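Here is what each chain is made of, one letter per residue.
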Amino acid sequence: MEKTTHFGYTEVDTEKKQGLVKGVFDSVASKYDLMNDVMSMGTHRLWKNYTISSSNVKEGDHVLDIAGGTGDLAIKFRKKVGPSGKVILSDINDSMLHEGRKNLINHGVIDVEFVQANAESLPFEDNTFDCVSIAFGLRNVTDKDAALKQMYRVLKKGGVLLVLEFSKVENQMLEKAYDFYSFNLIPKFGDYFANDEDSYQYLAESIRKHPDQETLKTMVLDAGFKFCEYHNLTGGIVALHKAVKT
Amino acid sequence: MFRLAVEKALNRIINVNNIDLAHIDNKIINLRVEDIDLSLFFLCLNSRIFVINNTHNKKTDVEIRMNKSSFLSLIKGAPLEDLIEKEDIEINGSIKTAQQLADLLAASSIDIEELVSKYTGDIIAHQIGLSIKQIKNISLKNNGSIIDNLKEELTTILLAPSRSTIFKDRTP
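Chain order of the listed sequences is A and B. Mapping of the first sequence onto my numbering: residues 1 to 246, in sequence order. Mapping of the second sequence onto my numbering: residues 1001 to 1172, in sequence order.
So here's chain A without its partners, still in its complex pose (with noise of 0.2 Å):
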């Protein structure tokens, strides 16, 4: 593994950046959701949803929410899943798992489990699960590639990977817009309803520094996949890859 990685635009050393991403998290996990709504407008529930359907998930599965933070996938997936299957929330960080704990309970979802960790090594066995899913997580983990073997490793034959993550806006008209609102309103909005302008302006950086779809899709194949493609959501602003073990 490389000596330095990035944290936003920051090179940082590498053992630094999980205890910096965590300082992130733990920093904005209770106005998560609120956030989240805010940033996206909403959107991020269409993007969720497209997941969800593209998912393939189906009664009786086993289905892993990895970065799983307030847990709205882990709801959509429990109902998908019904009483036959199981759906584990699991997150690196402690605070986004209460989070999640107390988003689910007050959607009267008890019946999913709760597991701490890291993407990077994951405390399941191999072939586990039917579908494995990290929305918005990817771009925090520090060694992708070890993340995506993982999930590879953990997934049954004919078992899904989705990975929802910011991308490559598409439209050049678009990504200046997007730009700007990322740089200049992003921050100010986290300054104002979660008190926090530093954290946000890392998520827009981090955006940035993440692999665009081509990029990602060559890493999920490197990782064992046969089978990756990418659904553009909203000009490319996020994209959804999926694929399968075979």
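Everything labelled a hint here was simulated from the structure, so no lab data went into it. Note that the structure is a prediction, hence the values are computed from the model and not measured. All residues carry an ideal CB built from backbone N, CA and C; glycine is no exception. Some hints here could point you the wrong way.
Claimed, not checked - If we take Cβ atoms under 7 Å as the criterion, some of the chain A residues that face chain B in the derived model are: (1) Asn56; (2) Lys58; (3) Gly158; (4) Lys226; (5) Phe227; (6) Val244.
To be verified - Here are some chain B residues the structure puts well away from chain A; computed CB gaps all over 12 Å: (7) Asp1020; (8) Asp1025; (9) Leu1080; (10) Glu1081; (11) Glu1090; (12) Ser1094.
Position chain B relative to chain A; hints supplied.
Below, chain B without anything else, positioned relative to chain A:
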């Protein structure tokens, strides 16, 4: 979006009817509709079907080639043998495998028609398609015939529209 819609329609039919996919398990089937440049790869694994646009050089087990009209006939339920006999369709690989995919496509035909109607902007066709789809779903769930459920549904609409499943879950 088209691929996702086809994938969802096929998997719903598989799940609702508990269809055994043994004949097509672990197979890649390529369906090509030549005059509209449509090429879909169907990959069957883990009791479900994935519709992809590229096999990344993985070998295709069955190749089905046809034109638009034979594709529409196929999804409307025309027997595969008839289309082969008329030389409207060309199959390279196992006919049994092709047959199972054709049966699944035929079973989900209403969804595909509805999707097409959405694209053509035909709102009435879309609404009719939506209603038929709901009735079909009820039939599949209750293991009843579509005709019987259709009769029952029409009676409910005429006598007590608010009780109809078609209007259920719709906000005014």
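How the hints compare with the structure:
Here the hint on A/Asn56 is kept, as its CB sits about 5 Å from the closest CB of chain B, short of 7 Å. With 7 Å as the threshold, the beta carbon of A/Lys58 comes within range of chain B, its nearest partner Cβ sitting at about 5 Å, so the hint holds. Using the Cβ-Cβ criterion of 7 Å, the hint placing A/Gly158 at the interface with chain B is satisfied: the shortest such distance is roughly 2 Å. Residue-level restraint check for A/Lys226 holds (minimum Cβ-Cβ distance to chain B is 6 Å; threshold 7 Å).
For A/Phe227, the interface hint holds, since its Cβ comes within 7 Å of a Cβ in chain B; the closest pair sits about 6 Å apart. The beta carbon of A/Val244 is positioned within 7 Å of a beta carbon in chain B (closest approach about 5 Å), and the interface hint is therefore held. Every CB of chain A lies more than 12 Å from the CB of B/Asp1020, the least distance being 15 Å, so the non-interface label holds. With a cut of 12 Å on Cβ distances, B/Asp1025 falls inside the contact zone with chain A, its closest approach being about 9 Å.
The claim that B/Leu1080 lies off the interface holds: its Cβ sits roughly 26 Å from the closest Cβ of chain A, which is beyond the 12 Å cut-off. The Cβ of B/Glu1081 lies farther than 12 Å from every Cβ of chain A, with a closest approach of about 30 Å, so its non-interface assignment holds. Under the 12 Å C-beta cut-off, the non-interface status given to B/Glu1090 relative to chain A holds; the minimum distance is some 25 Å. Against the 12 Å criterion, B/Ser1094 stays outside the reach of chain A, whose nearest CB is about 19 Å from its own CB.
Consistency with the previously given hints fails for number 8 only.
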